[in-house]
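**Q** Given next are the chains, with one letter for each unit.
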Amino acid sequence: MATLVTDNCQRCRFTECVTACPVSAFRAGEEMLFIDPDTCVDCGACIPKCPVQAIYEDLDLPEHLNEWIEINERRSKIMPKITNKEPPYVGADDRKASLGF
Amino acid sequence: MNNSKNHPLQVAIIGSGPSGFYVAEALLNSGISTEITILEKLPCPYGLIRYGVAPDHQKLKGVSQTLDVIAEHPSVTYLGNVEVGKDIQINELMQFYHILVFTTGMPKSSQLGIEGESLIDVHPSSNFIGWYNGHPDHQSLSFDFNNDSAVIIGHGNVAIDICRVLAKPIDELRKSDIPEQALDLLSQSKINHINLVGRRGPIQAKFTTKELHELGKLENCNVAIHPKHLKLGKQCQQELDEVSNLIAKKNHRVFESYSSNFSTSTGTDKKKITIDFMLNPKTFQGDKNLQSIVFEKTRFEGPAFKQVAIPSDDLVVMSSGLAFTCVGFKGSPFAGLTLDNKKGTLSNKNSRLINEHGEIVPGMYTAGWVKRGPNGVIGTNRECAQDSVNQILEDMPKYVEKPAYGNKSLIEHLQAKNIQFVTFNDWKVIDAVEKEQGQKLGKPREKFTSVSSMLACI
Chain L
10 MATLVTDNCQ RCRFTECVTA CPVSAFRAGE EMLFIDPDTC VDCGACIPKC
60 PVQAIYEDLD LPEHLNEWIE INERRSKIMP KITNKEPPYV GADDRKASLG
110 F
Chain C
75 MNNSKNHPLQ VAIIGSGPSG FYVAEALLNS GISTEITILE KLPCPYGLIR
125 YGVAPDHQKL KGVSQTLDVI AEHPSVTYLG NVEVGKDIQI NELMQFYHIL
175 VFTTGMPKSS QLGIEGESLI DVHPSSNFIG WYNGHPDHQS LSFDFNNDSA
225 VIIGHGNVAI DICRVLAKPI DELRKSDIPE QALDLLSQSK INHINLVGRR
275 GPIQAKFTTK ELHELGKLEN CNVAIHPKHL KLGKQCQQEL DEVSNLIAKK
325 NHRVFESYSS NFSTSTGTDK KKITIDFMLN PKTFQGDKNL QSIVFEKTRF
375 EGPAFKQVAI PSDDLVVMSS GLAFTCVGFK GSPFAGLTLD NKKGTLSNKN
425 SRLINEHGEI VPGMYTAGWV KRGPNGVIGT NRECAQDSVN QILEDMPKYV
475 EKPAYGNKSL IEHLQAKNIQ FVTFNDWKVI DAVEKEQGQK LGKPREKFTS
525 VSSMLACI
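Chains L and C supply the protein sequences, listed in that same order. Per the numbering used here, the first sequence starts with residue 10, numbered consecutively. Per the numbering used here, the second sequence starts with residue 75, numbered consecutively.
No wet-lab data here; the hints were simulated from the structure. If you're wondering where the values come from, they're calculated on a predicted model, not measured in any experiment. Treat the hints loosely; a few may be bogus.
Computed cross-link-like contacts, DSS-like style, restricted to lysine-lysine with a CA-CA straight-line distance of at most 25 Å [to be verified]:
hint, chain 1, residue 1, chain 2, residue 2
1, C, 344, C, 264
2, C, 133, L, 58
3, C, 302, C, 346
4, C, 133, C, 324
5, C, 356, C, 371
6, C, 264, C, 242
7, L, 58, C, 423
8, C, 291, C, 345
9, C, 324, L, 105
10, C, 280, C, 242
11, C, 242, C, 346
12, C, 482, C, 502
13, C, 345, C, 242
14, C, 291, C, 133
15, C, 291, C, 323
16, C, 323, L, 105
17, L, 58, C, 323
18, C, 502, C, 249
19, C, 249, C, 514
20, C, 182, C, 160
21, C, 305, C, 380
22, L, 90, L, 58
23, C, 302, C, 323
24, C, 133, L, 86
25, L, 58, C, 380
26, C, 133, L, 90
27, L, 58, C, 324
28, C, 280, L, 58
Now the in silico label distances, taken between C-beta atoms and shown as ranges [what the hints assert, rightly or not]:
hint, chain 1, residue 1, chain 2, residue 2, range
29, L, 78, C, 316, 26 to 36 Å
30, L, 70, C, 302, 24 to 34 Å
31, L, 70, C, 316, 18 to 28 Å
32, C, 245, L, 79, 26 to 36 Å
33, C, 248, L, 87, 36 to 46 Å
34, L, 102, C, 483, 50 to 60 Å
35, C, 302, L, 89, 51 to 61 Å
36, C, 490, L, 70, 51 to 61 Å
37, C, 139, L, 89, 19 to 29 Å
Here are some, though not all, of the chain L residues that point toward chain C, as calculated from beta-carbon distances under 8 Å [what the hints assert, rightly or not]:
hint, residue
38, 30
39, 54
40, 110
Ideal Cβ positions, reconstructed from N, Cα and C, are used throughout, including at glycine.
Build out the structure end to end from the sequences listed, making use of the hints.
**A** Given below as structure tokens:
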């Protein structure tokens with residue numbers, strides 16, 4: 010069981026999810042966030058917070074996004090913790106619209 | 075923000091569930107000078123993490139490790155076994171603190187308010203959940219698992235947790251932290267058919283997908299839904315198609331897989347779990363013991379996302395000797411504060427408590443379930459607590475002009491009244507004993523199920 014951030018977060022980085030995390034499992038990449046699978050307790054609080062539906066539980070992860078399990082595992086180990094909301098990535102609203110949200 | 079010219083903000087948080095700890099965390103992170111006391115009625119902390127999260131969801135119970143870090147902060151003092159309203163009154167606390175924050179949750183179940191609800195085999199969810207989680211208030215209860223069927227009313231995760239505890243093989247449950255006494259009774263259960271019944275349809279069900287999915291993974295169980303329930307009306311289809319309605323879409327896929335089980339769900343040795351929709355409970359029937367439950371079939375009226383389930387005269391009778399009602403929770407009242415009877419929350423305006431005249435009570439705030447109602451998952455309360463602390467910070471300048479003495483005064487007061495309070499270090503002793511006892515039994519911990527037994531080991 011794992012909860013992970015996928016490519017819709019790239020260059021959106023709305024960070025709405027981080028305040029809802031009860032265990033501070035989010036890690037801040039430059040263009041997107043990652044979840045540290047060793048910290049996350051799979052409570053699912055972050056999933057409905059994402060305005061571009063980038064967060065999945067692995068049980069309903071579409072197959073074409075499978076690679077993101079490993080990317081979250083790897084990147085979360087080298088990126089700093091993020092526990093408070095930050096301004097979105099520049100141009101996030103345009104990117105959100107282009108994703109159909 | 076800097077209040078260094080003033081006195082440290084003395085805050086008492088009442089209730090040590092996740093919301094209480096997250097209020098403390100948000101205050102600490104705000105950078106103000108503050109001292110925080112977390113008061114808890116029981117000796118042990120963590121609230122619903124310990125007594126609400128299902129005992130077979132140990133990973134989720136691991137949130138307690140995050141709460142421990144907050145408890146161990148030098149500006150935080152935990153005092154367990156202190157009941158506000160009994161051991162100490164609100165007006166006494168207000169002499170010691172600038173601010174009180176009520177994070178007392180919702181310990182009681184809401185009632186359906188229908189005939190027969192007081193029959194002995196009709197159990198509010200909070201009683202059963204408290205019992206199998208070892209809560210001291212619920213250990214004298216008994217449940218008749220001698221029935222072959224049980225009915226669970228309500229379509230949220232609480233209903234699924236109860237269903238899973240009833241359906242899961244006992245050897246699996248033995249690996250959880252259900253107390254031995256409860257395991258003994260559950261091991262004799264004859265229940266082989268469980269009905270999960272809701273007033274509305276599959277699109278409106280409040281289950282989260284993970285919990286719904288987990289039900290289908292239970293060993294030796296068949297989860298079934300009558301395919302007719304997935305033939306959606308126009309408004310329900312519109313709700314399902316709405317791009318933001320992610321949870322309905324994900325749940326619908328799981329429901330579809332359960333509907334394909336429907337034809338194969340009879341004539342097997344497997345336990346049967348049926349999810350039933352559009353049924354409104356009307357009466358529980360029986361003399362002393364429950365015999366059957368009468369439901370009214372419902373139909374929807376109104377536009378998408380505002381559909382109301384209207385009961386009809388068309389009745390359905392389900393035979394069962396055991397029922398659980400999972401239709402919401404309500405908070406406990408406190409003398410001098412107002413409980414909103416409809417919502418079950420402490421009446422508040424944007425986290426600030428209000429009296430019966432709708433006026434803000436200075437210095438009193440709330441967070442978590444008792445502020446907003448019993449919704450969301452654990453993390454939702456972290457956001458909620460942050461919001462409450464934002465309001466506190468806005469009001470803070472008017473409080474810190476004069477000093478308050480916080481836990482120093484409170485501890486003197488409790489000692490003078492001869493009240494045995496439990497510190498966080500005391501709790502760690504209890505915790506270690508529970509874990510040690512559990513280890514011998516091959517489980518995460520064996521909980522003490524009475525206050526006296528907890529106090530006896532410190």
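**Q** Please verify whether residue 133/C and residue 90/L have alpha carbons no more than 25 Å apart.
**A** holds, 21 Å
**Q** Under the criterion that the straight-line Cα-Cα distance not exceed 25 Å, is the pair residue 291/C, residue 345/C satisfied?
**A** holds, 12 Å
**Q** Is residue 482/C within 25 Å of residue 502/C, Cα to Cα?
**A** holds, 22 Å
**Q** Given the hinted pair residue 90/L and residue 58/L, is their Cα-Cα distance within 25 Å?
**A** Answer holds: residue 90/L to residue 58/L is near 18 Å, not above 25 Å.
**Q** Hint check: residue 133/C vs residue 86/L, CA-CA at most 25 Å. Holds or violated?
**A** Given pair residue 133/C, residue 86/L holds - Cα atoms ~20 Å apart, limit 25 Å.
**Q** Are residue 249/C and residue 514/C close enough, with their CA atoms no more than 25 Å apart?
**A** Given pair residue 249/C, residue 514/C holds - Cα atoms ~12 Å apart, limit 25 Å.
**Q** Does residue 380/C lie within 25 Å of residue 305/C when you go C-alpha to C-alpha?
**A** holds, 19 Å
**Q** Between residue 264/C and residue 242/C, does the CA-CA distance stay at or below 25 Å?
**A** At roughly 12 Å apart (the allowed maximum being 25 Å), residue 242/C and residue 264/C satisfy the hint.
**Q** If you check the beta carbons of residue 490/C and residue 70/L, does the distance land in 51 to 61 Å?
**A** holds, 59 Å
**Q** Check whether the Cα positions of residue 502/C and residue 249/C lie no farther apart than 25 Å.
**A** holds, 22 Å
**Q** Does the alpha-carbon distance linking residue 302/C and residue 323/C stay inside the 25 Å limit?
**A** holds, 18 Å
**Q** Does residue 105/L sit within 25 Å of residue 323/C, going by the straight-line distance between their CA atoms?
**A** holds, 20 Å
The structure shown violates none of the earlier numbered hints.
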